[in-house]
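A.B. asks: Protein chains in written order, with this note's numbering: chain W, 1 to 353; chain L, 1 to 82.
What the hints contain is simulated information worked out from the structure, not anything from laboratory work. Possibly wrong hints are sitting among the right ones.
Claimed, not checked - Simulated restraints on C-beta separations:
hint, chain 1, residue 1, chain 2, residue 2, range
1, L, K40, W, Y260, 35 to 41 Å
2, W, V146, L, E71, 17 to 23 Å
3, L, A31, W, L45, 54 to 60 Å
4, W, A189, L, R37, 17 to 23 Å
5, W, Y260, L, A31, 38 to 44 Å
6, L, E71, W, S244, 52 to 58 Å
Said to hold, decoys possible - If we take Cβ atoms under 10 Å as the criterion, some of the chain L residues that face chain W in the derived model are:
hint, residue
7, G56
8, V58
9, V61
10, G63
11, K65
12, V66
None of the values given here were measured: they were computed from a predicted structure. Every residue gets a Cβ at the ideal spot worked out from N, C-alpha and C, and that includes glycine.
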Amino acid sequence: MAYGTLTTLDTLAASQQTIADIGEDNAFRAIDASLQAHNEIMRSLVPFAEMTTDRQRRYGGDDNMSLDEVDEFGRGDAQKIAAGVTVGFPLRLFDVSVQWTRKYFQNATGAELAAQFTAVQKAHRKRVIREIKRAIFTPTNTDNWVDRLVDHVELDLKALVNADSAAIPSGPNGESFDGATHTHYLARAGGSLAASDIVALLETVREHYNSGQQMLYINRAQEAAVRAMDANFTAYLDARIVGSVTENQSRGTLAPTNLYNRAIGVFDGAEVWVKPWVPANYMFTWIDGVPPPLVERERRAGSGNLVLAAEDEAYPLRARTLEAEFGFGVWNRTNGAVLYTGNTSYSAPTITD
Amino acid sequence: MASRKSKKAVTKAKEETPAATAVAPEGFTAAQERQARAAKVQAEAEAKKLDETVPGGVYIVDGRKVNAHGEPIKAKKEEGEE
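Turn these sequences into a full structure, and let the hints guide you.
C.D. replies: Structure (structure tokens):
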């Protein structure tokens, strides 16, 4: 599948001249410009993660108190809200090197060199997605994670709400949730996926908020099953088709050829998206418009980009190393829930590219 | 000895009870309404159960049952087993 954005690297990629003819400086100027464009795109790629330089934050603790009725000599009981929890965010370092000989540059075309660096950018995109998947679909906390790239302080990385007995903020109408049993990692209830499983998934997040636009991300493998739930699901139509006048119509438009990354309709108020990175048999929901479920930690503002780390010349070899330092962690533990449709107990997926 | 309401008092109480004014829709009796409500509550309760788990959580990671902190959950011993 051809995906990506046309950039200045495409100019280099169109050249059949050798790098020696183009000039190394010219070639790398094109590559650097392309890298800058790639980083701009990557920073706006993930709608449900905010960028931060924080390595931990305080979460939860919002709870209910009650006003006591008293007489003129009375004083209400002292009350306090449940203590919140500290959620930590990881910082990891990823890099890749491209290495060549001087003879390579005398023979290789601009297209060949451009292809190498396009592959590096794709590798960065895949790694970002992989870290997002690890943050979302892992149901367990990682306590005492060591911040090795900074000062070896131990951080507690949390999953979405997972019945770990941590405080959970009360709902919009004062609803309280039992931290010891309330979980956002769900599994189907019966022998096969039912509409009620998806309704429960959506409400698991919705019960914590009363505003925003809910999103449901599914794998293409579950698209047919979701489409068949016509009591809850209203499909988006191809813009060229006029819908039946006797049925409900949705206002969205279906992209007919983009099979693996498109909105396909509305399920009980949530917009359903087929996403290429959601593993088969898993569904993820979150609400856009309230604090996002994830944060992307970086060392300094902007330092989470894919950047040139080193240029190394040790004749006859030359190498360029590119690195990206970032990490995804769960921040707003209630704004996200996962449904595993493969069985009746939540089973963590194997996280791969 | 427990006091007993006189027949007169009971009659008075009956007189003070306001007469039911709500009229059930045609073909829909109060019993059916109660049944429908009970079924709805039951369905809601079952849906609600999905976001609850045993205290501490039970998840399968790498084929093993673990709790929310990733600690293995020991299988319950059979009755009588030491």
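A.B. asks: Looking at the structure, which of the earlier hints fail to hold?
C.D. replies: Number 5 - this is the single hint that the structure violates.
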